[in-house]
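In order, the protein sequence lines correspond to chains A, B, C and D. Mapping of the first sequence onto the working numbering: position 298 corresponds to residue 298, and the numbering continues sequentially without gaps. Mapping of the second sequence onto the working numbering: position 279 corresponds to residue 279, and the numbering continues sequentially without gaps. Mapping of the third sequence onto the working numbering: position 308 corresponds to residue 308, and the numbering continues sequentially without gaps. Mapping of the fourth sequence onto the working numbering: position 282 corresponds to residue 282, and the numbering continues sequentially without gaps.
Among the clues, some could well be false.
Unchecked claim - Distance condition first, Cα-Cα at most 27 Å in a straight line; then the derived DSS-like pairs of lysine-lysine:
{"hint": "1", "chain 1": "B", "residue 1": "K203", "chain 2": "A", "residue 2": "K84"}
{"hint": "2", "chain 1": "B", "residue 1": "K203", "chain 2": "C", "residue 2": "K131"}
{"hint": "3", "chain 1": "A", "residue 1": "K186", "chain 2": "A", "residue 2": "K397"}
{"hint": "4", "chain 1": "C", "residue 1": "K103", "chain 2": "D", "residue 2": "K72"}
{"hint": "5", "chain 1": "C", "residue 1": "K94", "chain 2": "C", "residue 2": "K84"}
{"hint": "6", "chain 1": "C", "residue 1": "K94", "chain 2": "D", "residue 2": "K255"}
{"hint": "7", "chain 1": "B", "residue 1": "K203", "chain 2": "B", "residue 2": "K294"}
{"hint": "8", "chain 1": "B", "residue 1": "K294", "chain 2": "D", "residue 2": "K94"}
{"hint": "9", "chain 1": "D", "residue 1": "K94", "chain 2": "C", "residue 2": "K103"}
{"hint": "10", "chain 1": "B", "residue 1": "K203", "chain 2": "C", "residue 2": "K186"}
{"hint": "11", "chain 1": "C", "residue 1": "K340", "chain 2": "C", "residue 2": "K397"}
Claimed, not checked - What follows is a list of derived Cβ distance ranges for each label pair:
{"hint": "12", "chain 1": "A", "residue 1": "Q173", "chain 2": "D", "residue 2": "V250", "range": "44 to 54 Å"}
{"hint": "13", "chain 1": "A", "residue 1": "D40", "chain 2": "B", "residue 2": "E19", "range": "45 to 55 Å"}
{"hint": "14", "chain 1": "A", "residue 1": "R254", "chain 2": "D", "residue 2": "A242", "range": "48 to 58 Å"}
{"hint": "15", "chain 1": "B", "residue 1": "T334", "chain 2": "D", "residue 2": "R290", "range": "49 to 59 Å"}
{"hint": "16", "chain 1": "B", "residue 1": "Q362", "chain 2": "A", "residue 2": "D40", "range": "15 to 25 Å"}
{"hint": "17", "chain 1": "D", "residue 1": "P293", "chain 2": "B", "residue 2": "L172", "range": "20 to 30 Å"}
{"hint": "18", "chain 1": "C", "residue 1": "K361", "chain 2": "D", "residue 2": "D287", "range": "18 to 28 Å"}
{"hint": "19", "chain 1": "B", "residue 1": "D234", "chain 2": "A", "residue 2": "D40", "range": "53 to 63 Å"}
{"hint": "20", "chain 1": "A", "residue 1": "G365", "chain 2": "B", "residue 2": "R142", "range": "26 to 36 Å"}
{"hint": "21", "chain 1": "B", "residue 1": "G273", "chain 2": "D", "residue 2": "P293", "range": "38 to 48 Å"}
As the list claims (entries may be wrong) - Okay, the calculated bits of chain B under chain A, using three or more residues with CB under 8 Å as the criterion:
{"hint": "22", "segment": "154-167"}
{"hint": "23", "segment": "174-182"}
None of these hints come from the bench; they were simulated from the model. The beta carbon of each residue, even a glycine, is placed where N, CA and C say it ideally should be.
Number of protein chains: 4
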Amino acid sequence: MVAKGLVDKLRSMIGAGAERVALTARGLESLRVQLRECADGQGGEVSARGRAARLAETYLSLNDEGRHRFLKLIALEFGPNPDKVATAHAAYQKAVGTAEQWKTEAALRGAMRSSRIRILTQFNAIPQGVKFLVDLRADLLRYLEQDRELAVLDRELESRLSAWFDVGFLELQRLTWNSPAALLEKLIEYEAVHEIRSWTDLKNRLDSDRRLYAFFHPRMPAEPLIFVEVALTDHLAGNVQALLDEHAPVFDHRKADTAIFYSISNTQVGLRGVSFGNFLLKRVIDDLKRDFPKLTNFATLSPMPGLAAWVRKHPQALVEAEVPLPLDELSTGTWAADRKMVRALSAPLNRLAATYLACAKQGGGDSGAPFDPVSRFHLGNGARVERLNFLADNSAKGFRQSFGMMVNYLYNLDDIEINLEAFASSGNIAMSASVRRLARKK
Amino acid sequence: MVAKGLVDKLRSMIGAGAERVALTARGLESLRVQLRECADGQGGEVSARGRAARLAETYLSLNDEGRHRFLKLIALEFGPNPDKVATAHAAYQKAVGTAEQWKTEAALRGAMRSSRIRILTQFNAIPQGVKFLVDLRADLLRYLEQDRELAVLDRELESRLSAWFDVGFLELQRLTWNSPAALLEKLIEYEAVHEIRSWTDLKNRLDSDRRLYAFFHPRMPAEPLIFVEVALTDHLAGNVQALLDEHAPVFDHRKADTAIFYSISNTQVGLRGVSFGNFLLKRVIDDLKRDFPKLTNFATLSPMPGLAAWVRKHPQALVEAEVPLPLDELSTGTWAADRKMVRALSAPLNRLAATYLACAKQGGGDSGAPFDPVSRFHLGNGARVERLNFLADNSAKGFRQSFGMMVNYLYNLDDIEINLEAFASSGNIAMSASVRRLARKK
Amino acid sequence: MVAKGLVDKLRSMIGAGAERVALTARGLESLRVQLRECADGQGGEVSARGRAARLAETYLSLNDEGRHRFLKLIALEFGPNPDKVATAHAAYQKAVGTAEQWKTEAALRGAMRSSRIRILTQFNAIPQGVKFLVDLRADLLRYLEQDRELAVLDRELESRLSAWFDVGFLELQRLTWNSPAALLEKLIEYEAVHEIRSWTDLKNRLDSDRRLYAFFHPRMPAEPLIFVEVALTDHLAGNVQALLDEHAPVFDHRKADTAIFYSISNTQVGLRGVSFGNFLLKRVIDDLKRDFPKLTNFATLSPMPGLAAWVRKHPQALVEAEVPLPLDELSTGTWAADRKMVRALSAPLNRLAATYLACAKQGGGDSGAPFDPVSRFHLGNGARVERLNFLADNSAKGFRQSFGMMVNYLYNLDDIEINLEAFASSGNIAMSASVRRLARKK
Amino acid sequence: MVAKGLVDKLRSMIGAGAERVALTARGLESLRVQLRECADGQGGEVSARGRAARLAETYLSLNDEGRHRFLKLIALEFGPNPDKVATAHAAYQKAVGTAEQWKTEAALRGAMRSSRIRILTQFNAIPQGVKFLVDLRADLLRYLEQDRELAVLDRELESRLSAWFDVGFLELQRLTWNSPAALLEKLIEYEAVHEIRSWTDLKNRLDSDRRLYAFFHPRMPAEPLIFVEVALTDHLAGNVQALLDEHAPVFDHRKADTAIFYSISNTQVGLRGVSFGNFLLKRVIDDLKRDFPKLTNFATLSPMPGLAAWVRKHPQALVEAEVPLPLDELSTGTWAADRKMVRALSAPLNRLAATYLACAKQGGGDSGAPFDPVSRFHLGNGARVERLNFLADNSAKGFRQSFGMMVNYLYNLDDIEINLEAFASSGNIAMSASVRRLARKK
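Here chain A stands alone, though its shape is the one from the complex:
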């Protein structure tokens, strides 16, 4: 019912980098009128769809400043009516403890309902509307950094996206070299941990000794939401370049007893706060166990993206770990060519990394969540810190963020629940004895 031409135009605009223009004063006024109609639900659903399509087109045509004003208009002018809220609230409080409490609670909830979400969900009716909203939220999150008044809109949108992206709606798919090229191209674009350099590199990551899983939403079938790359092997892998070596022989997957999760990438900025990463690992482990009953070890080979940043804040840590090089030199990685220096750095960097994982907290104090985001993720999922790996990521990025150090987190299926409870309730960090020893040696 939306004009075909407009649909095609929208399709090509979503995600494309067309030239974008400013929002004029007149444009703003017209926008206000359209949004008002939208909020009032005037006309039937046919009108609604056409209106949503036109609004989406306007939004996509605007530059960042224009989009910011578009969103701010929605945030500030389409909230609930404070007077109606007050009246409903008074009735509710009066009814507490009586049989009327539940009715008045529902009425208060009704008074709180804003037109913002009604406006936004109308976009769901346009083609690729879900992707449009996810991208709109990515914009919103950027503008939010400067303009906290948008937070009220962001919270409502996040809440709606959380309902839509409920993990029960997500589909786990294994991607292979037989998957659509357009989909595999997205992996190249979205890989956030260890860059995919070419189609050959990608093909290598989909070989018979590898697995790649992604979550999809039924209404965004062309967009992986999060994906994990897995290597099937017979040992706890300790070097990521070895894993990614295109010329390395293919391991006979029938002999595999270990699955190494060596890269996990979230792809949709606009879904920040809508978490499904922990479900992904669980379902991947289920799937792997069904396909390879001999698999007994499930572990990651993970970066420590916050190590260098933390050391910069706590230079004392270098001293305590007896690291013989200053931070800047450590970060270049040039020392890796010097065999003597390599020998000299091995023990200190292991100590430094162990201390970092055991003690570095967000906020900087002695308690709180771990400083390292990857660590937060895996510990929060019930894994334990298993082994540190020296010279494990020899890329420029690897040296820059963690002096080449990497870490294995181990998912021991029997301990997951216990670890997770201990971490959630008392912040307890599960660690192997060897890493714990290293952390104490400072």
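Fit chains B, C and D to the given chain A structure using the hints.
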């Protein structure tokens, strides 16, 4: 991660009629503890899933009284904290008009958030969890008739189901004789207007001069949510038995200029209030026009399910329409065998039906929504009352509810928006001149 | 490129029972011309397709006599040229033993190539062309009974169909209650052993304790070629009505150790001589073992369709088995209501059936293939006669053809090859000791 | 039933470049025994499958000499028995003209049946058996160049492959950027006309103003058999580099009136002689017309792969066309940088190419099939030579084979049948007036 046996058990319980037991006092106490854990989100997601599965099993094992208490527990003990709401509300009202308004609005919304929905959405993680929740709401709606305190829970659940069943997530599918038998069997079960008597009857409704469309949700692929049956023909069909005659010759669909929607059935009681019927017709019309460019007329052949009930309330109407038989005799349909009586009833019953469609209102007054539910639906979608049909549904049900009368609603694509606006804003009922004349003749 | 209307017409004619007409003398002449053009391959492929479609239409429009003449025309007038064959043969024989032998062999083969197959394979280009040819061969086989001159055409067509229906091209599919209704309807139509009485009966045969497998050809996706019905159970089933009882409780398939093949039906008369039945059983067993690793016994519950017919030819067998009733009474089954008679018949009928399976031969002598066609099939596949079942098929058909007796053939995976070799080389019939003993007791 | 390990091994061997060994005398003897068993059909189908798998493994493990001997063994020792052929032939000739003719013809055909094809078709039962046989024939064709005695086997195998790859069994698929990467990778490998240089080049050929179609066989789903690349445009394209330019703007396909077939590649050497190319174009045109009703022109932009080779044989042609450069200089293409020389060569090279297309014949005489293979293909399909294009393929290959010249063949749907008949019956070459004029100007 949920034990396989439990999953299988749940699968077989959902929708099945296993024997159900009472909720004991001890059971209630244990339930309260489990729901509390659920609301607090204790343990990881693995625990959550297992817990949801156990709760679902408990729910399904209970008899109606037990289920009612289960739901009431959630409704009454897991709402927001009135004191926190009061505090948040005070801060909000104080901030209105300042830069803090938006932050405090979000905080108030947060304080209003109840644990009820968190508990219910955890069921989404179990297999067929969406169907479980839809069926649970069907229970809830039944208990609600006696116990209005459940309304607060119902409103929250309806709101969540509305988000999940947003029309943007629904998929239109054409069902044919090549569709899975298990799916077609559901049509036999769910057809609510003109009973499907056998597989032969069903096959006839899927012949080359017929179309059958249904909406599906990606997480309930085995359950049509609503479906519409269409006959392709070259005239405005006026008798439903003729349409359903298995022995009638198949019409050459390439000659069709008219699509008759002769049956529309909602299937999920638990989705009451979550409307998608209007979208269905629009998308079906789009699809038909693409397949059959010659189609120019889109109309229904609809029952008037409220006619007899309304006459019972307004016996005067029979007199005004000069109907020569009393209500009870009209309802049996035995008069249809008497040719003289048939001739005598034709004009009066047409007048009666026209008056009914033009004037009968919910509430009984002169204004408000139409009394007839089918009329409300089609007028609300922009159709107009086109033609009345005497002796159009000769089934016992047809006589009982509307003395054999049926009506065609016409969807004129150019007028839909206008009709719909006029109906929505001023209750104006679009009618063909001939039916309007009949209505005036009283 | 074939006119759309013609394609639609053909589609509706294939398999349908339209009225058919006689072939006129003029029609015959026109047919000869068209077939000649067809054989000469005049015009391009576009012409060829159009011509094939017209010829197919002609064929389908003819009555049996007309079709017979159509086929006879092809058989007798489009064979190889005897003179060219003679020349090529002379060259071949002369070259035998020289380097030219192979070239002349190919040339002789070329001279033997007839236009018949070229004509017939052109039908493959029309929609549903393969089904058309299979149905044409079914006609041919009927006409062949009266007219042996058609055999030359039949042999060529059978040879081509054998190439096309090579078992490597067939796809094994499991059919379930989720399969297309149109496909399941075919099962009802084609079931040849134990009639499917209703959709409820069919659904029962697709329940969780059943399996139904069929072979399909990629170009006849709507037509099962052969199918087998399997019951999962925990014992060697001995009564087919018990298996087909719709009200019997569903067996928990996870406890199954035995798979009973209780019905195998070939569906395409036109594929007689193109065998794939033996592959079906093997692939079904493979599939079952993968899904149910606990399955250890694979057996049939089979009819003895030739028993009564054989007894009619060898009335002496009744005497030798000491059966106390005459053939006609045995066949009615009325005795089954008389408990005394049931007791009296049990041992004699078991003896009779054992003798039949052990000794009755095609041709009537002491050697040769078994008289019973089902026995030939299973013994030829490596099964052994395991157990006889008295009062095992209490249907009218069951009494009529085998006095209610049925037999289990056992597929012992370790013995299949040995049984099969022994049967193929020396006609040895594998039998359990108990049946063998019965057979000897005459 | 074939051991799982062997199947996996075969799977990895087919198409892979494992090290291959010689056939020993003992190996040859063992092979003879196995082939004999195979020909005799000893044992059941289970044995047959296992045997086929072992034979395939042996074949794949052999070096070229070994494979050659393997195939020769089949060719020479498994043919028909000349004595039996003689007897059957005598009976046949005697029966000619009598009612017995048809029976004896069938018997002679039976006597001619060799075991070769029985051996080869058994390979069809192994996984990827069809691909195995197609690759085996590719080997056979290579060995055949040196050893004509293999021709007898080749003819039988070609005949069987022709039956299997009957165009009625092939599926036309449109490949897009959403097709499996593994399939698209095959296009890169198989493109035979204009090399695909990268995934970016490939993606450009799958853009919205392009179409790529391929034929597939149901049993070789991962292997395109032949594919054609199409550009949608609004003019008769005259330069292939312009078409392949990744940076050229995408043409709005809704404005297209012309489809240019700019590359057609056969992929399976082993299917030589099994033609389906002409069907491909016809079905592609059908598909394009359905998707783009505005398309009215269907033409190729084709190479003239034989031009330089023909000039080498007929140097006089250069003189007659008044080409001012010698062959070797023409072939390098360096002259293309010299604007004066470009001007000087334009007319002569157009004349040369026109003459070549009009007059150059296979065999070198004045009659017969065109010398140019691409010309043979398109003229044989009913196209006409429409326009010559100077400096149309500026690649090294383009200059080497045709001095940069290319040609458009036009498929005028109304003329195809006429052109095709005229070409087939009298070798008449359809040409536009302008090209014909050029050809005459010599």
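Here's how the hints hold up against the structure:
1. A distance of roughly 55 Å separates the Cα atoms of K203(B) and K84(A); the hinted pair therefore is violated under the 27 Å criterion.
2. Between K203(B) and K131(C) the alpha-carbon distance is near 23 Å, which keeps this suggested pair within the 27 Å criterion.
3. Between K186(A) and K397(A) the CA atoms are separated by roughly 22 Å; this keeps the pair inside 27 Å, and the hint holds.
4. This hinted pair checks out: K103(C) and K72(D) have alpha carbons roughly 14 Å apart, not beyond 27 Å.
5. Under the criterion of a C-alpha separation no larger than 27 Å, the hint pairing K94(C) with K84(C) is consistent with the structure, at around 16 Å.
6. Restraint check: the Cα-Cα separation between K94(C) and K255(D) comes to about 67 Å, which exceeds 27 Å; the hinted pair is violated.
7. Among the hinted pairs, K203(B) with K294(B) is consistent with the structure: their alpha-carbon atoms are about 25 Å apart, no more than 27 Å.
8. Between K294(B) and K94(D), the direct Cα distance comes to roughly 66 Å. Violation of the 27 Å bound is thereby established for this hinted pair.
9. With a CA separation close to 26 Å, the supplied pair K94(D) and K103(C) stays within the 27 Å bound.
10. For the given pair, K203(B) sits about 14 Å from K186(C) by alpha-carbon distance, which is consistent with the 27 Å threshold.
11. With a CA separation close to 23 Å, the supplied pair K340(C) and K397(C) stays within the 27 Å bound.
12. Between Q173(A) and V250(D) the beta carbon distance is about 30 Å. The supplied range of 44 to 54 Å is therefore violated.
13. For the pair D40(A) and E19(B), the beta carbons lie near 51 Å from each other, so the given range of 45 to 55 Å is met.
14. In this structure the supplied range 48 to 58 Å holds for R254(A) paired with A242(D), their Cβ-Cβ distance being about 51 Å.
15. Distance hint for T334(B) and R290(D): a CB-CB separation of about 56 Å, consistent with the stated range 49 to 59 Å.
16. Taking the beta carbon of each, Q362(B) and D40(A) are about 23 Å apart, inside 15 to 25 Å as hinted.
17. About 25 Å separates the C-beta atoms of P293(D) and L172(B), a value consistent with the hinted range of 20 to 30 Å.
18. Hint check: K361(C) to D287(D), Cβ distance near 58 Å, so the stated range 18 to 28 Å is violated.
19. The hinted range of 53 to 63 Å is not satisfied by D234(B) and D40(A), whose Cβ atoms lie roughly 42 Å apart.
20. Taking the beta carbon of each, G365(A) and R142(B) are about 54 Å apart, not inside 26 to 36 Å as hinted.
21. In this structure the supplied range 38 to 48 Å holds for G273(B) paired with P293(D), their Cβ-Cβ distance being about 45 Å.
22. With 7 residues bearing a CB less than 8 Å from a CB of chain A, the segment 154-167 of chain B meets the requirement of three and the coverage assertion stands.
23. Given a C-beta distance limit of less than 8 Å, the hint that chain A covers the segment 174-182 of chain B is violated, as 0 residues qualify and 3 are needed.
In this structure, the earlier hints numbered 1, 6, 8, 12, 18, 19, 20 and 23 are contradicted, and the remaining ones agree with it.
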